[in-house]
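Those protein sequence lines, which keep their order, are chains Z and G. So that you can map any letter, position 73 of the first sequence is 73 in our numbering, and since no number is skipped, the others follow by simple counting. So that you can map any letter, position 12 of the second sequence is 12 in our numbering, and since no number is skipped, the others follow by simple counting.
Hints were generated in silico from the structure; no laboratory data involved. Mixed in with the good hints, there may be bad ones.
[Unchecked claim] Output of the computed footprint for chain Z on chain G, the stretches with three or more beta carbons under 8 Å from beta carbons of chain Z:
id, stretch
1, 115–127
2, 206–212
3, 239–247
4, 277–287
[Unchecked claim] Capping the alpha-carbon separation at 25 Å, the derived lysine-lysine pairs in BS3-like fashion look like this:
id, chain 1, residue 1, chain 2, residue 2
5, Z, LYS76, Z, LYS15
6, Z, LYS46, Z, LYS76
7, Z, LYS76, Z, LYS21
8, G, LYS93, G, LYS289
9, G, LYS36, G, LYS93
10, Z, LYS46, G, LYS93
11, G, LYS252, G, LYS219
12, Z, LYS46, G, LYS36
13, Z, LYS276, G, LYS219
[What the hints assert, rightly or not] Beta-carbon label-pair distances, calculated as ranges:
id, chain 1, residue 1, chain 2, residue 2, range
14, Z, GLU198, G, ARG166, 11 to 21 Å
15, G, PRO42, Z, LYS15, 36 to 46 Å
16, G, LYS93, Z, PRO211, 48 to 58 Å
17, G, PRO229, Z, THR17, 33 to 43 Å
18, G, PRO176, Z, ARG336, 24 to 34 Å
19, Z, GLU89, G, HIS81, 49 to 59 Å
20, Z, GLU198, G, PRO176, 28 to 38 Å
21, G, PRO46, Z, ALA96, 48 to 58 Å
22, G, PRO229, Z, VAL180, 52 to 62 Å
23, G, ALA43, Z, ASP26, 30 to 40 Å
Backbone N, C-alpha and C fix where the C-beta goes; we use that ideal spot for every residue, glycine too.
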Amino acid sequence: MFDSLSERLDAVFRKLTGRGKLSEADVETGLREVRLALLEADVNYKVARDFIARIRERAVGAEVMESLTPGQQLVKIVHDELVVLLGTERAPLTYAPAPPTVVVLAGLQGSGKTTTAAKLALHVRREGHRPLLVSTDVRRPAAMEQIEVLARSLSLPSFAPRGTLPVEIARRSPEEARRVNADVILLDTAGRLQVETELLQELRSIVDAVPARHLILVLDAMTGQQAVAVTTAFQETVPLTGAVLSKTDGDARGGAALSLRAVTQIPIQFVGTGEKLTDLEVFYPDRIASRILGMGDVMSLIEKAQEHVDVEQAQDMEKRLRQGRLTLTDFMDQLRQIKKMGPLEGLIGMLPGAGRIKDLAGAMPSDGQLRQMEAIILSMTPLERERPELIDGSRRRRIARGAGTDLASVNRLLKGFNQMQQMMKQMGKGRGKGTRGLPIDPAQLLR
Amino acid sequence: MNAPPEDQPASARPGFWRRFSQNLEAGRRAYVADLKEVFGRPAIDPTFWDDLEATLLAADTGVAVATRAVERLRQEAAGAHLRTPADALAHLKGILGAEMAPRPRSLNLDGRPAVVLVVGVNGSGKTTTIGKLAFWLRRQGRRPLLAAADTYRAAAIDQLRALAQRAQVEVVAHQPGADPGAVAFDAVQAALARGADVVLVDTAGRLHTRADLMEELRKVRRVLQRLDPNAPQEVLAVLDAHVGQNSARQVKVFAEAIGLTGLAVAKLDGTARAGVVLGIEEELGVPTKLVGIGEGLEDLDAFDPSEYLDALLRMEAT
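This is chain Z alone, in the form it adopts within the complex (with noise of 0.2 Å):
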C-alpha cells in the first residue's frame, strides 16, 4: 500500500527541490500535482481539498519562502501535515479491567470482517489472553462454518449457534467466554450493504446487548471516495473506537486511510497485510507517513528483522563470512529468515526511497522461488552443502530431480552462490564492511 502514491509525490517533490529559490507559481505548480496524487489515490476529494488549503497557507507564507531551501521545507510541511491527517499516537488494543474485553468488528460486506476477527484472535493470544471467537453473522451463507473453521485452525473455542437471533448470541456470549474459560471476545457480525437501516439498527442492538470496549470498523484498503460516507454511516449508528485496514498488501494507494482518520477521527489499529492469520500489523501513523513521502520505514524494518533473525546465528555467520567461509547451509538460513520475515515487497517497501527502488522489487525473488531455492539446497547431501565445489553434472542432475526442478534452475543458483562468495571474500578483505545484518542479497542469485 501507499507505494504509488510515495512514488508520485516523490516526483513532485525532485522538481522542487532540485532548485533554489521556488516562486509562488512553483508552489502552486507542486500543489496542484500533490492535490492531483491524492486524488488518484483515492483520497476523498474533500479531505485533499481541505489538505492543499493548508498546505498552501502554511506555504506561502514566510516559513517556505524566505527558507534557504524552500523546496525541502514545503516536503517538511507536507510531512507534518500527512501526521496530522494520519493521527500522531498508535492506539493498542487494551483489555478491560473486569474480564471479559469485548470487541465488536462492523463494516460492509466483503470489507474482510471474518478474516480479521480470526486475525486479531491470533494477535490477542499472543499478547497472553484467551480469545473467543463469536459470530452473530446470520445473514451470509455459511458465515457461521467460516469463524468455525477458522478458529478450529487457530486451536481456539468459537461460538456460532444457529438459529438464535444476532442480540441473543451477543448477549449470551459472556456467559459462553466464562463457561470455556475465555477472558477476550471477538464478536463478528454481518456485513452491511450500507443502505440497510435495518442491518445498522442490528449492529446497534448488539451493541447495547454487550458491554463492548472496542467497536473496530473494518475498511478495505481498496475503498474510494466512499470511505467517508461509509465510515460516516457507521460512526452516526455506534460509537467506533478504532479501525482496522485490510487488504494493504494490493497495491492500493491507501486514500481510504486517510480519508477515514480526517473525517471521523478515529485511530486505525492495524493494517491487514495478507491472506494469512499471521498478517495482521500494528498501525503507526507517523511511520506510515514517512514511507508515503519515501523517507523510509526504518523502525518497523529493524523491528521486525529483530523480531525475525536470531541475532547469535547471524553474529556466527558474519564471522564465517568475514573468513568467506560461507556454504550452502548458511545461505539456507538466510532464505529462512528472510522468507520468515514476510513477502520482500514488504520490505522494500520499508525503505528510504522506496519509490525510486521499486523496480528492485521485480528483481527479487518471490516466495515460490525463494521456496524453489531452498528445495535445491534441501536436495543436497550435507557434504555437497559444505564443499559445492563437489557438485559435478550427475549430482546436479540428481539434485535437480530431488528438488522437482530443472538442470538450468540448479545452475543458476551455484553460479549466484559462487559468484556471491568471490563477493563475499573481497569485502572480507575490505574490513567486512556491508556484512551486517543480511549479508546476502537474494537478487544476484537471479541474475
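Based on the hints, put chain G in the right spot on chain Z.
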C-alpha cells in the same frame, strides 16, 4: 425470500435502478445535495466547472475522466448553446455516454456447456454474484451448474452450496484445499453428463498483485481449454462498487494475466457509484456486462449504460 416475478428482468421491475439513485441515507443525501447545488443553480457561474469536477470525482470517476469530461463540456458549451447548468447536465450525459461506446454487453454462452469463469479480489462479491447469476440464467431457461473452485477460503464451498440451494442449481465441489483446475474440469464433465448448459466457476479471491495466484488462474483456464478450446466463453471480473481507482488496476492486471471478457459490478447502491467503470471502458476496453444492486438473489441484471448514467446523475429524491 420473496419469490420474484418470473416473467420480467430485474431492471423492468420497479425499483431496480431506482434503488441505486434512491435517497436512502446520509451519503446519498449529501451527493444529491451536491448535484442539486451544481446543476440547480440559475446560471453557469465561475465556480460551476470546479464544482462539477468535484461531483464527478465524488462518484469515483477518477481524475482523468472527470477532467476530460469537464474540459469537453466547457469547450462545447458555447457551440452547443449551453446556457444553464441543466443544459450542461444533459450534454454531460452525452459526453459520458461516449466514454461507454457501444460494446457487446450480452454474455457469450455459445458452448456445450458454456463456461463462465468468475474472478476477482477478496471480498469483491464473486460467490454472491454467481448465486445471482445462476438464478438469472435459470429464469432465462438455462440450466446452470456451479463449480466450487474456491477451495481456499474457509467455508467458501458451504457458502456456494447454500446459494445454489436457493437458486435451485447443482454444485460440483471437492474438498477444501483441492486443486481448483480439477474442480473446474469435473464440473464441465458433470455438466456434459447431466445436460447442464452453463458452468459458472467460482474461484478464490486473489489480490491482483499476487503473481503466483494469477498463474493458478491461468492453469484453471488451460484445464478448461483441454475440454473445449473455446472455453471459457466468458471470463468475468467482479468489482466491488465501493472500491475506487484500484478497480482499474485490478482489471488491467487480470486482463493481462488471463484475459477478461467483461465485468460484473457488485454492491452498487446509493453511495457506491463505481464511476471508475467509465475510465475502465475507455482505457482498457473491458465492458461492464452485469450489475448487482441489493442483496436478494434476484438483484442482478444486464448493465445498461444509459440507465446507469441517468441514475448516476439523477437529482430527484426518488
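- Checked against the structure, which of the hints given earlier come out wrong? Numbers 4, 17 - these are the hints that the structure violates, sorted from lowest upward.
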